[in-house]
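Asks: Listed in order, the protein sequences are those of chains A and B.
Per the working numbering, the very first residue in the first sequence carries number 10; after that it's consecutive.
Per the working numbering, the very first residue in the second sequence carries number 717; after that it's consecutive.
For the record, the hints were derived by calculation from the structure and aren't laboratory data.
Hints are supplied without guarantee of correctness; some may be wrong.
[Said to hold, decoys possible] Straight-line alpha carbon distances no greater than 25 Å define the calculated SDA-like cross-link-like pairs of lysine to any residue that follow:
1) B/Lys913 with A/Phe144
2) A/Lys62 with B/His948
3) B/Lys913 with A/Leu162
[Claimed, not checked] Simulated DEER-style distance windows between Cβ atoms:
4) B/Arg827 with A/Lys141: 57 to 67 Å
5) A/Glu34 with B/Val898: 19 to 29 Å
6) A/Arg61 with B/Pro767: 24 to 34 Å
[Unchecked claim] Just so you have them, the derived chain A footprint on chain B, three or more residues with Cβ under 8 Å:
7) 886-897
8) 907-916
Note that beta-carbon positions come from the ideal geometry of N, C-alpha and C, so glycine has one too.
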Amino acid sequence: MVKTASVTGKPIQIKVFPQRLLQPETAEKLLNEIDQVKGVIRMLIGGKNLPRKVTCGPGTGTDVNHPNMEIIHVGDCAFELHVMVGEVIVELEDESTKEELRKACERALPFSFEFKQGFFIKKKATLTDYGKYGFKSKTDESINLEDERILGLIDPHAKAESNLCVINTGEEK
Amino acid sequence: MAYKPQYYPGNTSVAKNRRKHMSDDVEKLRDISDEDLTALLGHRAPGSDYPSTHPPLSEMGEPACPVREVVEPTPGAAAGDRVRYSQFADSMYNAPSVPYWRSYHAAINFRGVDPGTLSGRQVNEMRERDMEEYTKRQMETEMTCPGLAGLRGCTVHGHSLRLQEDGTMFDMLDRRRLEGGVIVSDKDQVGVPIDRKVNLGKAMSESEAAKRTTFYRVDNVAFRSDKEVVEHVQKVWELRTKYGFVPKA
Numbered sequence: 010m011v012k013t014a015s016v017t018g019k020p021i022q023i024k025v026f027p028q029r030l031l032q033p034e035t036a037e038k039l040l041n042e043i044d045q046v047k048g049v050i051r052m053l054i055g056g057k058n059l060p061r062k063v064t065c066g067p068g069t070g071t072d073v074n075h076p077n078m079e080i081i082h083v084g085d086c087a088f089e090l091h092v093m094v095g096e097v098i099v100e101l102e103d104e105s106t107k108e109e110l111r112k113a114c115e116r117a118l119p120f121s122f123e124f125k126q127g128f129f130i131k132k133k134a135t136l137t138d139y140g141k142y143g144f145k146s147k148t149d150e151s152i153n154l155e156d157e158r159i160l161g162l163i164d165p166h167a168k169a170e171s172n173l174c175v176i177n178t179g180e181e182k
Numbered sequence: 717m718a719y720k721p722q723y724y725p726g727n728t729s730v731a732k733n734r735r736k737h738m739s740d741d742v743e744k745l746r747d748i749s750d751e752d753l754t755a756l757l758g759h760r761a762p763g764s765d766y767p768s769t770h771p772p773l774s775e776m777g778e779p780a781c782p783v784r785e786v787v788e789p790t791p792g793a794a795a796g797d798r799v800r801y802s803q804f805a806d807s808m809y810n811a812p813s814v815p816y817w818r819s820y821h822a823a824i825n826f827r828g829v830d831p832g833t834l835s836g837r838q839v840n841e842m843r844e845r846d847m848e849e850y851t852k853r854q855m856e857t858e859m860t861c862p863g864l865a866g867l868r869g870c871t872v873h874g875h876s877l878r879l880q881e882d883g884t885m886f887d888m889l890d891r892r893r894l895e896g897g898v899i900v901s902d903k904d905q906v907g908v909p910i911d912r913k914v915n916l917g918k919a920m921s922e923s924e925a926a927k928r929t930t931f932y933r934v935d936n937v938a939f940r941s942d943k944e945v946v947e948h949v950q951k952v953w954e955l956r957t958k959y960g961f962v963p964k965a
């Protein structure tokens, strides 16, 4: 298994941008459909923040209890949504499964969506990554990470445990 | 002939709706009780007296002033009410009212208003009982769709976002939601839970919202499709730019 995001073939990145903000059920369906597509290296979910507590105004500190803050199951992994899903960025191993991905999105989304190819998640370590993870050793100046696919998926100060899911489908990707 | 104000130019549905909002010639679509409204605003407990910030004007012995004699105080000012606010956020996906038009509606049809207009929200400060009357008017009429607009005292995020799957505007604090075909609210405008579920009525359908909106949108009524409005806006822009500038030749 190659644990770098950039070295195998020519990976491409696709942004799926639905016309509406997704309810947890639709998001779950979409992510599972995408997970079934061959050659998916990683996915990045983006959307509108769902806070646990009111953060400003006279009601500061009150619990929000947003009904969309649900636990969803993707592949063999369960995690709590902290956002109302508005976009999913998918990295594929190469162009060959792009249309398969488009069809998966069409199956999962009951409305139209934008399907853009571009460069959305970084593939190489940058200064902040070296600041966070450091070098492998004094002689090896590559980044001190076992799996470079993490790069670009979480903010430098965020904790990986609560923001990252590693999904193993039948055969390893 | 009696003077008839000409509020806004244009012949499109959006221009007509804008005129309707400015002249307060708006259709009442729903009923919201006074107690429910007070609970939603969250400034005082429903059914309690209005707290005051000064004694009633009649007891204060005002100084002799010709302006005070001419201008009759609003009920809130006469009673010495506190100044309180209400704030609306409107979705750019064909919400019935634009923040500017909420302000026009307030400034033209109500007295003692202090509207603040922003791109996606509009806040208005008034004496408490006057503010409740104004808020009730805006919430009960076609100026507000409970799905596409909302009473939001803080965390107003939603105006420029895509709608949710159920067609309502995103609300980070989950103040109101679609339940059984109607929008219900169980929190006040700042996100504090209240002791009741207020029924805000049915949300407008997409076609109805497109018909009642005051938003110009390319996918509905485009701003540039209304020549008279474009001409008017350009004229205002030109006069504002030149202002009193008269170059001597």
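Asks: Under the criterion that the straight-line Cα-Cα distance not exceed 25 Å, is the pair B/Lys913, A/Phe144 satisfied?
Replies: violated, 57 Å
Asks: Would you say the C-beta atoms of A/Glu34 and B/Val898 sit inside 19 to 29 Å of each other?
Replies: With Cβ atoms ~21 Å apart, the hint holds.
Asks: Given a hinted range of 57 to 67 Å, is it respected by the beta-carbon distance of B/Arg827 and A/Lys141?
Replies: holds, 59 Å
Asks: For the stretch 907-916 of chain B, count the residues whose Cβ lies under 8 Å from any Cβ of chain A; is that count three or more?
Replies: holds (count 3)
Asks: Are there three or more residues in the stretch 886-897 of chain B whose C-beta lies within less than 8 Å of some C-beta in chain A?
Replies: n = 5 at 8 Å, threshold three: holds.
Asks: Is the Cα-Cα distance between B/Lys913 and A/Leu162 25 Å or less?
Replies: violated, 40 Å
Asks: Tell me if the beta carbons of A/Arg61 and B/Pro767 are separated by a distance inside 24 to 34 Å.
Replies: holds, 32 Å
Asks: Hint check: A/Lys62 vs B/His948, CA-CA at most 25 Å. Holds or violated?
Replies: violated, 46 Å
Of the numbered hints given earlier, the model fails hints 1, 2 and 3; all others are met.
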